[in-house]
Structure formats: structure tokens, C-alpha cells
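The lines below spell out each chain.
Number of protein chains: 2
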Amino acid sequence: MGTAEQLKQFMEPQSIAIIGASRSTGEGSYNVLENLLGYGYQGKVYPVNPNANEILGVKTYSKVGELPERVDLAIVSLPRSLVPGVVKECVDEGISAMTIVTQGFGDADDDEGKRLQEEIDRLVEGRGVRVLGPNTFGTANAHMNFSSSFIKTKMAELPVGLICQTGAFFVGFGDLKLLGKGVDVGDACDVDAADALEYFEQDEETKVIALHVEGVRDGRRFLRVVSRVAKKKPIVALKTGRSKSAARAVQSHTGALAGRDEVWDTALRSSGVIRTTDIEDFCDAIMAFCVLPRMRGRRVGITTYTGGFGIMGVDACERCGLELAELSPATVGGLSALSPPWLAVGNPLDIWPGNMISGHPLSQMEEAAVRSLLADPKVDAVLCIFAAYKPALHFELRRMVEEAAESHPEKPVVFYIYGPFYEEVKKGLEATGRTRVFSSFDRAACALGHVASYSEFALKR
Amino acid sequence: MGTAEQLKQFMEPQSIAIIGASRSTGEGSYNVLENLLGYGYQGKVYPVNPNANEILGVKTYSKVGELPERVDLAIVSLPRSLVPGVVKECVDEGISAMTIVTQGFGDADDDEGKRLQEEIDRLVEGRGVRVLGPNTFGTANAHMNFSSSFIKTKMAELPVGLICQTGAFFVGFGDLKLLGKGVDVGDACDVDAADALEYFEQDEETKVIALHVEGVRDGRRFLRVVSRVAKKKPIVALKTGRSKSAARAVQSHTGALAGRDEVWDTALRSSGVIRTTDIEDFCDAIMAFCVLPRMRGRRVGITTYTGGFGIMGVDACERCGLELAELSPATVGGLSALSPPWLAVGNPLDIWPGNMISGHPLSQMEEAAVRSLLADPKVDAVLCIFAAYKPALHFELRRMVEEAAESHPEKPVVFYIYGPFYEEVKKGLEATGRTRVFSSFDRAACALGHVASYSEFALKR
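One line per chain: the protein sequences are A and B, in this order.
Just so we're aligned, residue 69 is where the first sequence starts under my numbering, counting upward by one.
Just so we're aligned, residue 69 is where the second sequence starts under my numbering, counting upward by one.
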């Protein structure tokens with residue numbers, strides 16, 4: 069069985085055992101079974117707990133040997149001293165995929181943790197068994213309403229495959245859900261980032277791979293796999309533990325070696341992996357790849373409500389490796405006709421003065437401006453800087469976004485929006501599934517810059 | 069009359085004339101009078117419009133000469149060709165402060181704009197008259213419910229004095245209101261950033277100065293003033309128009325010269341001005357200075373819910389010029405007692421394992437951790453990384469924040485928060501007026517880094 073096939077048991081389990089299932093329920097009980105029932109997972113679930121007959125109406129088994137079938141996946145959440153014993157039971161029963169949630173193995177500061185880890189390693193060696201963790205939230209799959217996390221997972225059926233070394237990603241960020249499918253490799257005693265990459269490489273539900281990595285043990289294999297997969301699907305990476313003190317913290321978090329940051333940087337970039345710097349940049353890039361098309365170049369046309377913010381847009385584009393498009397004479401001519409004679413029409417295009425003389429609603433002016441920029445062969449993408457000064461603004465702009473995506477499917481259109489109704493307009497526009505809305509110029513330009521970089525990499529091949 | 073005194077007429081007008089007051093009202097009418105009535109401005113308002121007897125129930129005058137008193141401030145919003153005539157009328161009537169809203173003067177691409185500007189310059193020369201603009205939203209003062217902006221201004225009685233070269237700041241950013249008091253210098257034909265700095269230097273309602281600048285004409289005076297004022301109050305700057313193409317856009321926006329970015333950078337830094345890079349960084353820093361105390365050093369203690377995010381916190385701190393605090397043995401000892409024996413207690417401090425063994429609610433564990441870090445003389449500030457996994461979380465954390473501010477008023481405590489209830493928890497915690505909550509590690513660390521930089525500058529003096 070190949071790696072991708074083996075990983076299916078973790079990512080798409082049809083039956084699971086929860087070993088160490090909790091009897092306490094409700095807030096603060098971190099009950100995996102309760103969570104699963106809440107998501108609506110349709111596979112078979114077998115809680116194992118010697119002190120209960122049923123939990124939440126689900127029949128409970130006192131030990132692994134009693135389970136009525138060989139489950140796809142065993143989720144182990146027990147005090148660390150008990151884990152090796154249970155691993156042995158699972159192996160003996162022929163269970164070939166185990167997620168060990170418990171902490172305090174390779175990540176521990178004591179000898180006992182390392183000893184217990186070695187015991188587990190010996191138990192599974194040569195038995196065709198894959199172990200995820202320890203110290204992990206496990207896996208999640210929005211398409212199956214499945215998550216092994218003891219904290220409720222925020223899932224959405226996005227084409228995102230997330231690989232991470234902390235379960236925090238499963239909890240979500242405000243409105244943002246990144247799963248898709250997710251795997252927290254934790255201490256990565258066996259299943260590691262490279263294995264997960266091989267799964268997502270094959271997985272048809274995954275279009276974008278999000279990779280949070282602190283360090284890897286087998287650097288050579290990781291690089292081989294990551295370079296191969298990056299050629300097929302965009303990989304957005306957040307490599308953490310950059311400095312010496314952060315690297316020390318990595319060691320105590322997952323027992324991994326962070327490695328020299330410059331080495332990572334060169335390796336990732338030359339493999340075509342998109343490296344991001346912060347969690348917002350990471351999430352922004354992932355969503356940009358989900359929604360925006362590949363770009364043919366780096367030349368951005370900017371429309372703005374205010375000259376001052378247009379300039380900030382230019383600053384941001386240049387900071388993020390984009391270029392300010394030089395508009396074709398035809399575009400300048402057309403836009404000049406809509407503007408007062410004293411305005412030097414150019415890029416960024418200030419739509420306010422034109423609106424003031426025409427008396428058109430601003431979104432109509434915006435629409436005309438975006439249409440001209442998209443039609444210009446010297447423009448590869450459009451950044452719209454817009455004020456959300458009234459709540460229903462997005463109804464007018466939605467049509468524009470949809471039309472742009474139809475007429476120029478190869479040119480992304482993104483927004484920087486300010487003003488009191490930011491949240492409403494953002495939600496309305498992003499609901500088209502065709503654009504992304506940002507609250508900072510840098511975030512907008514960086515997301516676009518990442519798309520441009522991957523597009524360039526993909527084109528060169 | 070000194071500059072600060074002259075500027076009072078713009079910032080704290082007791083009586084105003086709106087010259088070119090609009091008769092149309094309701095959405096999209098950009099009616100200054102309507103806005104003022106909405107804010108509840110208590111000063112006298114005289115609309116001037118020869119085609120109306122009253123607007124919104126307010127008596128209207130047909131020309132400046134008919135006004136019943138010499139107003140503090142005339143707000144001029146007329147087609148540009150009519151502006152010099154009105155300026156003459158104002159000067160003749162002894163009005164000594166004028167805000168010219170109209171665009172198309174120094175900012176225009178044609179000779180006519182420059183000619184009209186020169187005419188205005190000649191009319192006011194030697195008459196003791198100050199002109200704000202043209203091409204400006206004018207001034208706003210939340211403490212008086214006053215704004216001359218034709219777009220509704222988002223104001224809050226913050227101790228922030230904003231100087232900008234685009235009215236966009238008056239519109240606000242999502243939940244964020246930055247005024248305070250604000251002045252958009254526009255083309256800055258007369259009143260410029262240096263003048264505004266002199267006003268805020270004296271103004272007792274202003275504790276933090278926010279300075280958005282594209283360029284200045286009198287660089288020498290600007291630098292003299294900015295270095296003097298920075299010694300008294302923190303100045304947070306957003307200098308835009310960094311690159312060549314952005315500088316060209318500046319020229320066409322406000323007619324200003326952007327200047328070489330490296331020169332600006334050195335000048336601002338050596339003056340003790342805090343330079344920010346993007347609009348979010350700018351807003352974050354302003355609010356941080358409003359709320360957080362000065363720091364005694366750069367050493368940060370981090371508490372975290374998850375090792376993985378703790379490492380991101382370390383990365384961000386180092387990127388933003390902060391240091392990871394080395395905890396005192398007493399602190400490590402105390403915290404070890406709360407954690408499982410296998411955990412290497414250090415900084416960042418992972419509170420999750422300790423919570424798992426103690427069974428304490430997480431915020432109780434967090435409270436103990438923050439208290440220990442604050443008590444450590446080797447810690448100058450605390451960054452708390454926390455999951456907003458339930459909505460009412462902030463009630464429990466609020467007390468912690470308030471207690472921290474009481475017991476250690478010299479040590480800022482800030483939060484990076486993730487999870488589904490981010491917005492609620494952010495609002496709840498920030499309502500204490502003692503902390504700031506961020507959605508990215510970089511934003512949290514950069515805001516703290518700015519406070520540290522200014523604290524260092526202020527201490528050295």
C-alpha cells in the first residue's frame with residue numbers, strides 16, 4: 069500500500085475507535101465523541117472506556133480486543149504511561165492506523181517521554197502500521213464531517229489540504245475556516261509532512277496545500293516530495309522557528325529540529341513553494357489560491373476612491389513584488405473622457421473626481437474603471453480601493469466582480485476596503501467566490517504577489 | 069497670534085459658514101450641513117447659497133457679506149473657478165480661517181489650477197489669513213461633534229490628533245475611529261503638517277499624534293517642529309509615496325514632493341518619530357500608544373495555549389525588535405509547580421499541559437501564568453496567545469487584565485487571539501481600556517515594538 073493510500077485511513081476513515089473516550093460531556097469536557105456527533109459524522113464510532121457501558125447513547129467497549137470490527141483508525145487519548153500497552157493491543161488486532169493525541173513523548177523534557185516513544189516505535193516496526201502524533205489533534209475532513217480533535221473544529225468544504233504541527237489551526241480564526249482537510253503531524257514520530265503531502269498530491273478534493281512546519285527529520289525526502297508536489301498544486305508554507313530562541317522552543321514543542329532559516333528559505337523558494345511570514349499572510353495566501361486565477365504577469369492596475377490611498381496601494385504593490393501597470397493609451401483616453409479635464413489620468417486611477425462631475429453613483433464609475441483596466445493588455449490584475457460608506461454597497465459591486473470573472477477569467481480582481489461597513493461589504497463580495505477583500509494594502513498586495521509568484525513558477529515549467 | 073492659536077479656529081470653531089452649501093439631502097448628497105446636524109455640533113452654522121432661503125430648517129445667506137457675524141471658519145465648497153472670488157469676500161469680511169474643499173488647484177494637471185492657486189495665494193498674502201487645503205476634507209473634532217467633511221466622519225473622543233493628506237481617514241476603518249481630532253492638510257497651500265503639529269503639541273486633549281504624510285514643502289521647518297514635538301508626545305507616522313512610481317502619484321495627488329525615502333526614514337527615526345509601514349500597522353500603533361504604558365525594556369514574556377503558536381509569537385517578537393525574556397529561576401520554579409513534570413517550563417510558557425493535569429479552567433491557569441510573568445523583573449511586557457473558543461471568555465480574562473494594569477502599570481499586556489469568538493473576546497477585552505487584541509502575531513509584536521522604541525527614546529532624554 070502506498071503512502072497516499074495508507075493516509076486515507078486517517079483522512080477518510082469509515083470506522084474509528086476512540087480509545088480513552090471521555091464520560092464527561094458539555095462545555096470544557098473536550099469530548100471527541102460528542103464533537104463527532106455534533107458534526108454529523110456518518111462513519112462507525114466505537115468508544116473504548118472500561119468504566120462505561122455507553123457514552124451519549126453510543127455503546128462503549130471495555131478494550132480494543134472487544135471491538136466488533138477492525139476499524140480504519142484508532143484515536144488514542146490516555147495518560148502517556150498507558151499508551152504503549154494500547155498500541156500493542158491495536159497492532160495485535162490488526163489496526164493499521166493510530167492517532168496518538170497524548171502529549172509528553174518526543175516533545176517531553178524527561179527521559180521517560182523518550183523511552184515511551186521508543187517503546188511505541190518498536191511495537192509498530194515492521195507491522196505495516198502508521199502512527200500519527202503523538203501530541204496531535206489528529207485529522208479532520210470537512211467533506212465527511214469528521215475531526216478527531218478534542219476541541220471543536222471549524223470546518224468548511226474548501227479545496228484546502230492543511231498540514232500543521234499544532235492543532236490550533238483546527239480551531240479556526242474568527243470567520244476563517246481553513247479545513248478542507250487537515251492533518252496535525254504533532255511530534256511526527258512516523259507520519260510526517262512529506263507523507264501528508266503525498267496524500268494531498270493525489271487527493272482530488274484538494275487544490276491548495278497549506279503547510280505549517282516547524283522542522284522535519286528527513287530533510288532530503290521532504291524536499292524531494294515538496295518539489296514534486298509543488299509542480300502540481302500550489303503549496304503555501306508557514307515555516308516557523310526562525311531565530312535561535314524560536315528554534316529552542318521548537319525543540320521543546322515537537323522535538324523537531326528547526327534548521328537554519330536561510331537554508332529553509334532557499335530550499336522552499338527553489339521548489340516553487342510560496343513562503344509566507346505570518347499567520348494572516350498564510351491564511352490570506354491560502355484563500356487567494358482557492359479563489360483567484362493564475363496571473364499572466366505582475367502588472368497591477370489600481371482604482372481608488374482617494375489619491376492618498378492609491379499611493380499606499382502603490383507602496384504595497386512594490387513592497388510585495390508587483391509592478392504598477394503602465395496603461396495603454398486607449399485606456400487612458402477612455403478613462404480621461406470620464407474624468408474632469410484637469411485630472412492627470414493614470415495608474416492609480418482616482419475615480420472620485422470623475423464621479424463628482426458625472427453625478428454617477430460611485431460604483432458605476434468604479435465599474436467603468438475596472439472594465440477599462442481589465443480590457444488593457446498591459447494589466448494582469450486589478451486592486452480596487454473602495455470605501456464601504458454604506459451597508460448595501462456590495463450588491464452593486466457584486467455584479468461587477470462576477471462580470472469581471474466572466475469576461476477576464478485570467479485576471480484577479482481584489483479589494484482593499486475601508487469605512488464603517490467593512491465587514492458587511494467584505495462578506496457580500498467574498499460570497500461571489502471570485503474575489504478577496506482585505507483590510508490592509510500590504511495584505512492585499514502580498515496575497516496577489518503570492519499568486520503572481522506561483523503563476524510565474526507554474527508558467528516556467 | 070501664534071500658529072497653535074490660529075489653528076484653533078479650524079479645530080475648535082465656535083461658528084462656521086458653509087459656502088456652497090448643498091440643497092440636496094439624504095444618501096449620496098454629501099451635505100456638510102446635514103452631517104453637522106447629525107453629529108450634534110453646538111456651534112453656529114451659517115449656510116451660504118444664493119439659490120435657497122433655508123436648508124434643513126437652517127436660514128441660508130446669499131453671500132458672505134450678509135453673514136451676521138465674523139465666523140471662526142469658512143468652509144468653501146464651490147467649483148474651482150468661483151473659489152478665488154469667495155476667498156476675496158471672506159478676506160474682506162475679516163474671516164481669518166478658510167477651508168477650501170474643492171479639488172483641482174495645485175493637485176491639478178493643468179495650468180488653470182496652478183493659476184487659480186496663485187490667485188488665492190495673492191489674495192490672502194499679508195492679511196493674517198490661514199487657508200487649509202485646497203483638496204481637503206478639512207478638520208474634525210470629536211470633543212465638539214464637529215467635522216467639515218462632506219462624507220460622514222467616524223469620530224470618538226480619543227486622545228488622538230490625526231494629521232493626514234487624505235480625507236479617507238475621516239471615514240474610519242471597520243470598527244476603528246481614529247478621531248479624536250483630525251486635520252486633512254490636502255494640497256497644503258498654507259496650513260501644513262508642521263502647523264498642525266504645533267497645534268497638537270499644545271492641545272491638552274491630544275496624547276498621541278498620528279501623522280500621515282506624502283511630502284512637505286518646507287522640509288527644514290517640518291523637521292525642526294517634528295523633533296521638538298516628538299519629545300513631548302509620541303508621533304506615529306505613515307510616510308507614503310516610497311518608490312519612484314508612488315512619488316509620481318503623490319505629485320498628481322497633492323502636488324507635494326515625496327522626497328527620497330531613505331532621507332525621510334533617517335530624519336523621522338532620529339527625531340524619535342515612530343515610522344509604520346502600512347495602514348494596519350499605523351492604526352495598531354496609534355491605539356497601542358493610547359492604551360498601553362511605556363515599557364522599561366524590550367523583554368517579552370509569552371503565554372500560549374499551544375506550543376506551535378508560541379513559536380510564532382517568538383518569531384514575530386524578534387522580527388519586530390523585541391527580545392524573548394529569560395525568566396528568573398523563581399518564575400520558572402513557580403510555573404513548574406503548575407505544569408506536568410515532563411514539561412520544560414520556559415518562555416514561551418505553554419499553559420495547556422498544566423491545565424490538562426490540574427483540571428483548572430484555562431483562564432485560571434492563564435491568570436496564574438500572567439501574574440508570575442509580570443512579577444518577574446526580567447519581563448517588560450506580556451504577550452498572551454489565547455483561543456477564543458467560547459463567547460464569554462473575556463469576562464474571565466477582563467479581571468486579569470484589570471488586575472495586571474493595577475499591579476504592574478509599567479508593563480503592557482497584549483493578546484493574540486484566534487478561534488471562532490475572536491470578535492467578541494476582542495471587544496470585551498479592549499473595553500477595559502487597558503489592552504489591545506490582535507489577529508496576527510506580527511501585528512501584536514509590532515505594536516509592542518513601537519511602544520518599546522518610543523519608550524527607549526523618551527527614557528534617553
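Be careful, since some hints might not be right.
No copy is singled out in the list; a pair is fine if it fits within one copy or between any two copies.
[What the hints assert, rightly or not] Simulated crosslink set (DSS-like; lysine-lysine; CA at most 30 Å straight-line):
no.	residue 1	residue 2
1	Lys112	Lys458
2	Lys245	Lys131
3	Lys127	Lys312
4	Lys245	Lys156
5	Lys76	Lys245
6	Lys495	Lys312
7	Lys156	Lys299
8	Lys446	Lys312
It should be emphasised that the hints constitute simulated quantities derived from the structure, not laboratory data.
How the hints compare with the structure:
no., hint, in the structure
1, Lys112 <-> Lys458, "between (49 Å within a copy, 29 Å between copies)"
2, Lys245 <-> Lys131, "neither (35 Å within a copy, 59 Å between copies)"
3, Lys127 <-> Lys312, "neither (50 Å within a copy, 71 Å between copies)"
4, Lys245 <-> Lys156, "neither (36 Å within a copy, 60 Å between copies)"
5, Lys76 <-> Lys245, "within (22 Å within a copy, 49 Å between copies)"
6, Lys495 <-> Lys312, "neither (40 Å within a copy, 35 Å between copies)"
7, Lys156 <-> Lys299, "neither (40 Å within a copy, 69 Å between copies)"
8, Lys446 <-> Lys312, "between (45 Å within a copy, 19 Å between copies)"
Violated hints for the displayed structure, listed by number in ascending order: 2, 3, 4, 6 and 7.
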